[in-house]
Amino acid sequence: MKIFVFCVFLLGLFSCGEIDCNTVKQGFYPDEYNIIVEESNINEVWIKIRGSVPVTEKKSSIMVHNNWMVDFDEVKEGDTIVKKRGELMLAIHKKDTIIRHDWYCKGKAYK
Numbered sequence: 333m334k335i336f337v338f339c340v341f342l343l344g345l346f347s348c349g350e351i352d353c354n355t356v357k358q359g360f361y362p363d364e365y366n367i368i369v370e371e372s373n374i375n376e377v378w379i380k381i382r383g384s385v386p387v388t389e390k391k392s393s394i395m396v397h398n399n400w401m402v403d404f405d406e407v408k409e410g411d412t413i414v415k416k417r418g419e420l421m422l423a424i425h426k427k428d429t430i431i432r433h434d435w436y437c438k439g440k441a442y443k
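First residue of the sequence shown: 333, per the numbering used here; consecutive thereafter.
In short, the hints are calculated from the structure, not lab data. We put the beta carbon where it would ideally sit given N, CA and C, even for glycine. A couple of the hints might just be wrong.
Said to hold, decoys possible - Computed beta-carbon distance windows for the label pairs:
no.	residue 1	residue 2	range
1	D352	D428	36 to 46 Å
2	T388	G439	36 to 46 Å
3	E409	I351	16 to 26 Å
4	K380	K427	14 to 24 Å
5	E389	T355	30 to 40 Å
6	E371	E350	12 to 22 Å
7	K390	I351	26 to 36 Å
8	N354	V377	35 to 45 Å
9	I351	V387	29 to 39 Å
10	E370	E350	21 to 31 Å
11	V387	K438	28 to 38 Å
12	E371	K427	17 to 27 Å
13	V387	R432	17 to 27 Å
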């Protein structure tokens, strides 16, 4: 699934004309994350998370474009990253707070 999202992103980026955000966002709807963070590497372009799934305790990882504009120092070990299938919002669950991020394309928030 991650490869599909990446291909859609590249296709939109390198196709003739403007990027169609409504088309690109369709690639993000099927994704679903629920990972307790053990290691994170976040920059302006990528979100890379390694951790475990709370219910199964299986190791998991994600590497996805940072269309949510998550700051590099916002995610800490022990936080839980949640993105539900069929939605664009990404949530960072901390001990006492939930931080929600809308998905952005060309400076505009999409829901």
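- Item | CB-CB spacing for E350 and E370 relative to the 21 to 31 Å hint | Once the Cβ atoms are compared, 39 Å apart, the range 21 to 31 Å for E350 and E370 is violated.
- Does the Cβ-Cβ separation between E371 and E350 fall within 12 to 22 Å? The hint (12 to 22 Å, Cβ to Cβ) is violated, given that E371 and E350 are roughly 36 Å apart.
- Message: Given the hint of 17 to 27 Å, is the C-beta distance from V387 to R432 inside that range or not?
- Response: At roughly 22 Å between Cβ atoms, R432 and V387 fall inside 17 to 27 Å, so the hint holds.
- Supplied distance hint 35 to 45 Å, evaluated on CB atoms of N354 and V377: Distance hint for N354, V377 is violated at roughly 21 Å.
- Cβ separation of I351 and V387, checked against the hinted range 29 to 39 Å: holds, 36 Å
- Message: Quick check on a hinted range of 28 to 38 Å for V387 and K438, using CB atoms only.
- Response: Given range 28 to 38 Å: holds, Cβ gap about 36 Å.
- Is 16 to 26 Å right for how far apart the beta carbons of E409 and I351 are? Hint violated: Cβ distance 34 Å, outside 16 to 26 Å.
- Task: Hint says 36 to 46 Å; check whether the CB-CB distance for T388 and G439 agrees.
- Result: holds, 38 Å
- Message: Given a hint of 30 to 40 Å, does the C-beta separation of E389 and T355 actually sit inside it?
- Response: holds, 37 Å
- Message: Just to be sure I understand the hint, the distance between the Cβ atoms of K390 and I351 should be within 26 to 36 Å; is that true here?
- Response: Roughly 35 Å apart at Cβ, these two residues keep to the hinted range, so it holds.
- For the pair K380 and K427, does the Cβ-Cβ distance stay inside 14 to 24 Å? holds, 23 Å
- Query: Taking the beta carbons of D352 and D428, is their distance inside 36 to 46 Å?
  - Reply: At 39 Å between Cβs, range holds.
Checked against the numbered hints given earlier, the structure breaks hints 3, 6, 8, 10 and satisfies all the rest.
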